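Could you slot chain B onto chain A? The hints should help.
Given next are the chains, with one letter for each unit.
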Amino acid sequence: MTIKRGGRWLLLMLALWVSAAMASTADHTRFEELQGPFTSAEEVTQACLSCHTEASQQVMGTRHWTWDYENPHTGERLGKRTMLNTFCIADQSNEGFCQSCHVGYGWEDDTFDFTAETRVDCLACHNTGDYVKKGGWAGWPNESLTDLVSAARNVGASSRQTCGTCHFYGGGGDGVKHGDLDSSLFNPHRELDVHMDAAGLDFSCSTCHQTEGHDVPGSRIQGTAVDAHAAITRGSQEERNPATCQACHGSQPHENGTHAQRLNEHTRALACQTCHIPEFARGGVPTKMEWDWSTAGRLDEEGNPIQIKNENGYVIYDSKKGDFVPGENVVPEYLWWNGSTTFVTAETVIDPSERVSVNTYHGTPGAEDSRIWPVKRALGKQPYDTVHMTLLKPQVAIPGNETAFWYNFDWDKALQAGTGLAEQPFSGEYDFVETSMLWPITHMVAPGEMALACASCHADDGRLAGIEGVWMPGRNRHQLLDRFGFGLAGLVLLGALGHGAMRFATRNRSKGH
Amino acid sequence: MSERLYLFTRFERFWHWSQAALIITLLLSGFGIRGVHGLADFETAVRVHETAAWLLIGLWVFAIFWHFTTGQWRQYIPTLDRIGAMVRYYAYGIFVGEAHPYRITVERKHNPLQRLAYLGVKLVINPLVWVSGLLYLFWGSVRDSVPAWLGLEQVAGLHALGAFLMLAFLIIHVYLATAGHTPLAHIRAMVTGWEEVHDESQVKHPPRAP
Numbered sequence: 001m002t003i004k005r006g007g008r009w010l011l012l013m014l015a016l017w018v019s020a021a022m023a024s025t026a027d028h029t030r031f032e033e034l035q036g037p038f039t040s041a042e043e044v045t046q047a048c049l050s051c052h053t054e055a056s057q058q059v060m061g062t063r064h065w066t067w068d069y070e071n072p073h074t075g076e077r078l079g080k081r082t083m084l085n086t087f088c089i090a091d092q093s094n095e096g097f098c099q100s101c102h103v104g105y106g107w108e109d110d111t112f113d114f115t116a117e118t119r120v121d122c123l124a125c126h127n128t129g130d131y132v133k134k135g136g137w138a139g140w141p142n143e144s145l146t147d148l149v150s151a152a153r154n155v156g157a158s159s160r161q162t163c164g165t166c167h168f169y170g171g172g173g174d175g176v177k178h179g180d181l182d183s184s185l186f187n188p189h190r191e192l193d194v195h196m197d198a199a200g201l202d203f204s205c206s207t208c209h210q211t212e213g214h215d216v217p218g219s220r221i222q223g224t225a226v227d228a229h230a231a232i233t234r235g236s237q238e239e240r241n242p243a244t245c246q247a248c249h250g251s252q253p254h255e256n257g258t259h260a261q262r263l264n265e266h267t268r269a270l271a272c273q274t275c276h277i278p279e280f281a282r283g284g285v286p287t288k289m290e291w292d293w294s295t296a297g298r299l300d301e302e303g304n305p306i307q308i309k310n311e312n313g314y315v316i317y318d319s320k321k322g323d324f325v326p327g328e329n330v331v332p333e334y335l336w337w338n339g340s341t342t343f344v345t346a347e348t349v350i351d352p353s354e355r356v357s358v359n360t361y362h363g364t365p366g367a368e369d370s371r372i373w374p375v376k377r378a379l380g381k382q383p384y385d386t387v388h389m390t391l392l393k394p395q396v397a398i399p400g401n402e403t404a405f406w407y408n409f410d411w412d413k414a415l416q417a418g419t420g421l422a423e424q425p426f427s428g429e430y431d432f433v434e435t436s437m438l439w440p441i442t443h444m445v446a447p448g449e450m451a452l453a454c455a456s457c458h459a460d461d462g463r464l465a466g467i468e469g470v471w472m473p474g475r476n477r478h479q480l481l482d483r484f485g486f487g488l489a490g491l492v493l494l495g496a497l498g499h500g501a502m503r504f505a506t507r508n509r510s511k512g513h
Numbered sequence: 001m002s003e004r005l006y007l008f009t010r011f012e013r014f015w016h017w018s019q020a021a022l023i024i025t026l027l028l029s030g031f032g033i034r035g036v037h038g039l040a041d042f043e044t045a046v047r048v049h050e051t052a053a054w055l056l057i058g059l060w061v062f063a064i065f066w067h068f069t070t071g072q073w074r075q076y077i078p079t080l081d082r083i084g085a086m087v088r089y090y091a092y093g094i095f096v097g098e099a100h101p102y103r104i105t106v107e108r109k110h111n112p113l114q115r116l117a118y119l120g121v122k123l124v125i126n127p128l129v130w131v132s133g134l135l136y137l138f139w140g141s142v143r144d145s146v147p148a149w150l151g152l153e154q155v156a157g158l159h160a161l162g163a164f165l166m167l168a169f170l171i172i173h174v175y176l177a178t179a180g181h182t183p184l185a186h187i188r189a190m191v192t193g194w195e196e197v198h199d200e201s202q203v204k205h206p207p208r209a210p
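For the protein sequence lines, the chains are A and B, in the order given. Numbered as in our numbering, the first sequence ends at 513 without a single skipped number. Numbered as in our numbering, the second sequence ends at 210 without a single skipped number.
Chain B extracted, bound-state conformation:
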């Protein structure tokens, strides 16, 4: 018997998908600026990258505000509880049809691996990209106030490092999004907000905004 769980509110879905679009745009235009590909000319790539960057910064400010006012930041408190089971599941259980070791609830909608991964994004990758990106953007004004070892070359390097980590995260994230009980289950949930839960005991509440 399956029930439906309202996991993602309208703001979360908007945040998720616009962030996804912006990050992909930034990765593409950013690697264009770096000269890795020639899909757009340099000036266009810079313009797109900057516009997308400001939009993403705006979105992040909103999302941070939202997380703290709603208390949803608690979703990212890391835990090692049952993390071994998660690793074992992805390494073995998933292939032999074992049940997912983690039970999703509205209060704890991310499994321990997800929590760690998203926390990593929020505490490592995002700040790296953000700080290096702003330094890059305002280099003409800040170059004289940063330590001498930090040249534009280093700033560009840190920014690219952030981009590569983000790219790696994106690939894993997209892949694991297909690892629900059907390949499209998680993705559908991220679109509609509703996750199908196959354990009736998990369904505690009617739909509500957290």
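Next up, chain A with everything else stripped away, as it sits in the complex:
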């Protein structure tokens, strides 16, 4: 009881502290600059910049703006701008649609001016309502759903709402891509996410992804798989990712219970997420576990696109996209990861005779620089060039140009247009290849009491059945030794029984002793 009451007090104090911290000294509704009227969103940005003079430059240095990233290990050109995935496949040639999630205005094609400060979209992350960016507007807000004056006057810190508007919908819909990010996290309950719990700690995304100068830390593209350090001390100037579990909890976080020490020792091999996110897609929103583009384009008798839903009301076929397998409460796969990930890009030559891993998580079983991580493995089937042996970038989402797949259901045109705009060589010959892609599971952290039990892994067919590099009692045993040991015991028992039987048979020859 005392512990519970103490916990409640702690939460209350934290809530007070958080609300105090959020209380701004500036009431933006009273700022003259923000009274409007604004004839375009760019004017809002201009108004912001009149006080926040460095904001645009800061944003323009981040991946939220560039969608571009160079793998520090391999020099690969990564980032959304050029990357491929197994869901919506590629951004290039679809910018007009996909860039609704760009923190800018008007990125429609490669003529976009990445140096234009007023094209930075402050409101995307700092609105508190009345602001809607939708697919198809190249990042401009929808005029009918947006009230620029209200949005500008009511700016605030980023929130689960602002971040989630894009990050919960990656891959073209709610929960599609990640598995641990979907709309259920707008207003999560405690069991879904113990930190974001709207009635409890009520973390926003930036509580963990603590941002300096608009540069949001923490990314799947190159992750922080190992962080074997104590919690980051406030004020310290360490160059550490503040979004890891250890950044707050340290690497020896278990304090209570008879197994605390043992659990702390597990951190040598396990990511916190492995035990503390028992399943993903737990909030009632399914994630796409499989996406088969090869069946897309099937139309009804009148030539109209169709959608087929399963018994739960989830789309499992869409003429625009193909077949889906949705998954809820999914048990992750597990693998050793050192944070480094490499990707198949549009230049990578693939072997279509086997499933193509669009990304590869690197790590060494048992090594100090790796941990066992939970991942979502999404399966795909997507177009590739049968001559160049490369994954292809189709144009799917741009209406009115007779080429995009969603409006013409013609792969030849969609691939010709997409590869053309992406400047990707295309032979004109294509087929579909099975693919897979991994996503780290790190959100939807469950309360401690829902963490995995020992026997989830310490068992013959446990969750870590195929994981190398660790000796796990309950999973591992020495076959030969066991055969010897039980053989020995069996022989001894047999001998004893035989001896006893002979004693019994000869009992009458006893002479009274």
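Note that these hints are calculated values from the structure, not bench results. On a predicted model such as this, the values are computed, not experimentally measured, just so you know. The beta-carbon is built from N, C-alpha and C at its ideal position, and this holds for glycine as well. Do not take every clue at face value.
As the list claims (entries may be wrong) - Label pairs and their calculated CB-CB ranges:
hint	chain 1	residue 1	chain 2	residue 2	range
1	B	L184	A	G250	56 to 62 angstroms
2	B	L134	A	A367	43 to 49 angstroms
3	B	T70	A	F484	56 to 62 angstroms
4	B	S145	A	V315	53 to 59 angstroms
5	A	E191	B	T192	56 to 62 angstroms
6	B	W73	A	T233	22 to 28 angstroms
7	B	S145	A	R190	39 to 45 angstroms
8	B	S145	A	R483	29 to 35 angstroms
9	A	R190	B	I57	40 to 46 angstroms
Below, chain B without anything else, positioned relative to chain A:
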């Protein structure tokens, strides 16, 4: 004419039976942890195994102290004297009703085979189980200070080897406990402390604590 001999003091009996219970508990829970059976879930098995292990360690510390302060450790000094007769007795004599070749006294309450077997337990099996078990228990702290060839896999293997040897000993021990002049004679002695001795000349002393 039979007389009674007070062989096992209260502490010895307490030591024996609590050790028996703990060892059986450890064998059962240990093989559960190893995944040989599923009688208890892994976490429970670990908890039981650890608790029993600490109790047994405590008991052993006590028993070692007791053996040295009472001088009873001498009961385990090995001897080859008449060992051939013992082997011959178990292999043949016991079936034809020969008299037991060994005469029990309070000073020498174990026959030569028993002495060897118990010494083996004390000098081989127990240290093997104990050392490997403590390494296992504190692996997180000691892993960096042991030689590289000694991984958790090897520690687990040594510990299991100890367990198998203990299991084999337990089976023989339980069986031979029935090999008195009646099947329950030795067992009764271990419960009451009194062994019935059928040779009056053996009864030298009234009951006393050694």
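Cross-check of the supplied hints:
{"no.": "1", "hint": "L184/B <-> G250/A: 56 to 62 angstroms", "in the structure": "holds (60 angstroms)"}
{"no.": "2", "hint": "L134/B <-> A367/A: 43 to 49 angstroms", "in the structure": "violated (27 angstroms)"}
{"no.": "3", "hint": "T70/B <-> F484/A: 56 to 62 angstroms", "in the structure": "violated (38 angstroms)"}
{"no.": "4", "hint": "S145/B <-> V315/A: 53 to 59 angstroms", "in the structure": "holds (58 angstroms)"}
{"no.": "5", "hint": "E191/A <-> T192/B: 56 to 62 angstroms", "in the structure": "holds (59 angstroms)"}
{"no.": "6", "hint": "W73/B <-> T233/A: 22 to 28 angstroms", "in the structure": "violated (56 angstroms)"}
{"no.": "7", "hint": "S145/B <-> R190/A: 39 to 45 angstroms", "in the structure": "holds (42 angstroms)"}
{"no.": "8", "hint": "S145/B <-> R483/A: 29 to 35 angstroms", "in the structure": "holds (32 angstroms)"}
{"no.": "9", "hint": "R190/A <-> I57/B: 40 to 46 angstroms", "in the structure": "holds (42 angstroms)"}
When each numbered hint is compared with the structure, violations occur for hints 2, 3 and 6.
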